[in-house]
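Colleague: Whole structure, please, built from the sequences with the hints as guidance.
Just so you know, the protein sequences line up as chains A and B, in that order. By the working numbering, the letter at position 81 of the first sequence is numbered 81, and the numbering carries on one by one without gaps. By the working numbering, the letter at position 106 of the second sequence is numbered 1106, and the numbering carries on one by one without gaps.
Take the hints with a grain of salt, since some may be wrong.
Computed footprint of chain B on chain A; a stretch qualifies when at least three of its residues, placed anywhere within it, have a C-beta under 8 Å from a C-beta of chain B [said to hold, decoys possible]: (1) 34-42; (2) 217-224.
Lysine-lysine pairs mimicking DSS-like chemistry, simulated, CA-CA at most 30 Å apart [to be verified]: (3) A/5 to A/22; (4) A/146 to A/122; (5) B/1060 to B/1087; (6) A/159 to A/146; (7) A/19 to A/5; (8) A/159 to B/1060; (9) B/1096 to A/146; (10) A/134 to A/113; (11) A/5 to A/31; (12) A/159 to B/1120; (13) B/1120 to A/134.
To be clear, the hints were calculated from the coordinates, so they are not data collected in a lab. Since the model is a prediction, treat every value here as computed from it, not as a measurement. Heads up, the beta-carbon is just placed ideally off N, CA and C, and yes, glycines get one too.
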Amino acid sequence: MPSLKSLRTRIASVKATQKITKAMQMVAAAKLRRAQMAAEAARPYATSMQRVLTNLVSGVPSSSAPPLLAGTGSDNRHLFVVCTAERGLCGAFNSSIARLARDRANALIAEGKSVKFICVGKKGYDILRRLFEKDILEHIDLRGVKQIGFGNAQSIADKVIARFNNGEFDVATLFYARFRSVIQQIPTAQRIVPAETTPAEGAEAPAAQFYEFEPDEGEILNSLLPRNIAVQIYRALLENVASEMGAKMSAMDSATRNAGEMIKKQTIFYNRTRQAMITKELIEIISGAEAL
Amino acid sequence: MATFHFELVSPDQLLFSAEVESVVVPGIEGEFTMLPDHAPLVTSLRNGGVILVNGDHSTKEFAVFGGVAEVTNTSLTILAERTTPMKEVTTEGLEKDLLTTQTYLEAAHNEEERRILVEKIAQLREFKNIVASR
Chain A
1 MPSLKSLRTR IASVKATQKI TKAMQMVAAA KLRRAQMAAE AARPYATSMQ
51 RVLTNLVSGV PSSSAPPLLA GTGSDNRHLF VVCTAERGLC GAFNSSIARL
101 ARDRANALIA EGKSVKFICV GKKGYDILRR LFEKDILEHI DLRGVKQIGF
151 GNAQSIADKV IARFNNGEFD VATLFYARFR SVIQQIPTAQ RIVPAETTPA
201 EGAEAPAAQF YEFEPDEGEI LNSLLPRNIA VQIYRALLEN VASEMGAKMS
251 AMDSATRNAG EMIKKQTIFY NRTRQAMITK ELIEIISGAE AL
Chain B
1001 MATFHFELVS PDQLLFSAEV ESVVVPGIEG EFTMLPDHAP LVTSLRNGGV
1051 ILVNGDHSTK EFAVFGGVAE VTNTSLTILA ERTTPMKEVT TEGLEKDLLT
1101 TQTYLEAAHN EEERRILVEK IAQLREFKNI VASR
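Modeller: In structure tokens form, the structure reads like this:
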């Protein structure tokens, strides 16, 4: 039978753990609210950008479209930009994104295509490194970044575009988790090169407008397309932060609940053991007295 | 007087969204004032000031640094790369922007990049002069 002291320390340690998970849950809840606000603030720009782009594209003949829009004409070399969190303790968040990327990559490789990776965030990098060590081109670390700004997304986009201009890949796909609710985050794959120009879900189809362009369509398109990639990455990063915090919140919530159950069970066990000991001592005293 | 809807957005926030009477837009091929029922137009922007007149005749000024404006019959949307209220723009801040752009220029890889940056520097200088002369 375990000693009473060891039982007491075990209960105390579970209680301490529960306090930590509880605190982490509350921190995640506060951060989630901020992340949602940031995502909300970034939405008007992204939707307007999408609208302008869709209008522009309909006015440009596909033969003269720049490669960022029309593609390179083949789809043999893929680039995956996998966005995950820097920290763990958030349930299946990181592994579900990495799994989606891995499954896609394996399917493409089976078709005889090549896949390279750019990892944003440490966790996804750690998982993918085990499988695709030599295919990982870059690992972008956002650990020191408190609040993700447009600049972070811009620098990632610049790297992607530079590689595209060097002819290193044909198709780029962005992986992140879309935020649905605190308990539901959906790992998502989104093509960013060549650009997808179908209007986003929920947005009404733009009415056909006959615009004038200053300077011409081509030049505006050339300056907007790289920007659009940055915007898409920015949105993905913000959604990811919200998803991460949501996942962390529910993971820490269930951890707190589990700890509570454990404390209850152990306290009962502790009390039973204590009573058994008292009973045992009493029996010893009584039988000792009877023997006299 | 008739009004139209004006939105000024930058990547991380929506700065202004309301009905206005007129807006001065720093288009790449010259400033223009937008009034209701303007012909649909998409234009790149240079660095400069956006001056808008609210429905109650009060004015507001923003500085935008590059971007695109989308004009339809009933609305104007400015997608700015970066934007701040005009009051917060100082010659010192612009001077700093100039310096960073110049360092980019020195590190530029090809003719195309260099051409864009030279253009940008010229715009910044011009904008600085405008701000300084106030």
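Colleague: Does each hint fit the structure? Answer for all of them.
Modeller: Going through the hints against the structure:
Coverage of a stretch by a chain is defined here by at least three residues with a beta carbon nearer than 8 Å to that chain's beta carbons; for the stretch 34-42 of chain A and chain B the count is 3, and the condition holds. Note: the stretch 217-224 of chain A has 4 residues with beta-carbon separation from chain B under 8 Å; the three-residue rule is met and the coverage holds. Restraint check: the Cα-Cα separation between residue 5 of chain A and residue 22 of chain A comes to about 26 Å, which is no more than 30 Å; the hinted pair holds. Only pairs whose Cα atoms come within 30 Å are accepted, and residue 146 of chain A paired with residue 122 of chain A is accepted, the gap being roughly 15 Å.
Between residue 1060 of chain B and residue 1087 of chain B the CA atoms are separated by roughly 10 Å; this keeps the pair inside 30 Å, and the hint holds. Restraint check for residue 159 of chain A and residue 146 of chain A: the C-alpha separation of about 21 Å stays at or below 30 Å, so the hint holds. Between residue 19 of chain A and residue 5 of chain A, the direct Cα distance comes to roughly 21 Å. Compliance with the 30 Å bound is thereby established for this hinted pair. With a C-alpha separation of about 37 Å, the suggested pair residue 159 of chain A and residue 1060 of chain B falls outside the 30 Å cut-off, and the hint is violated.
Among the hinted pairs, residue 1096 of chain B with residue 146 of chain A is consistent with the structure: their alpha-carbon atoms are about 24 Å apart, no more than 30 Å. Between residue 134 of chain A and residue 113 of chain A the alpha-carbon distance is near 15 Å, which keeps this suggested pair within the 30 Å criterion. Distance restraint check for residue 5 of chain A and residue 31 of chain A: the Cα-Cα separation of roughly 39 Å exceeds the 30 Å cut-off, and the hinted pair is therefore not satisfied. Distance check on the hinted pair: residue 159 of chain A and residue 1120 of chain B sit about 22 Å apart at the alpha-carbon level, within 30 Å; holds.
A distance of roughly 40 Å separates the Cα atoms of residue 1120 of chain B and residue 134 of chain A; the hinted pair therefore is violated under the 30 Å criterion.
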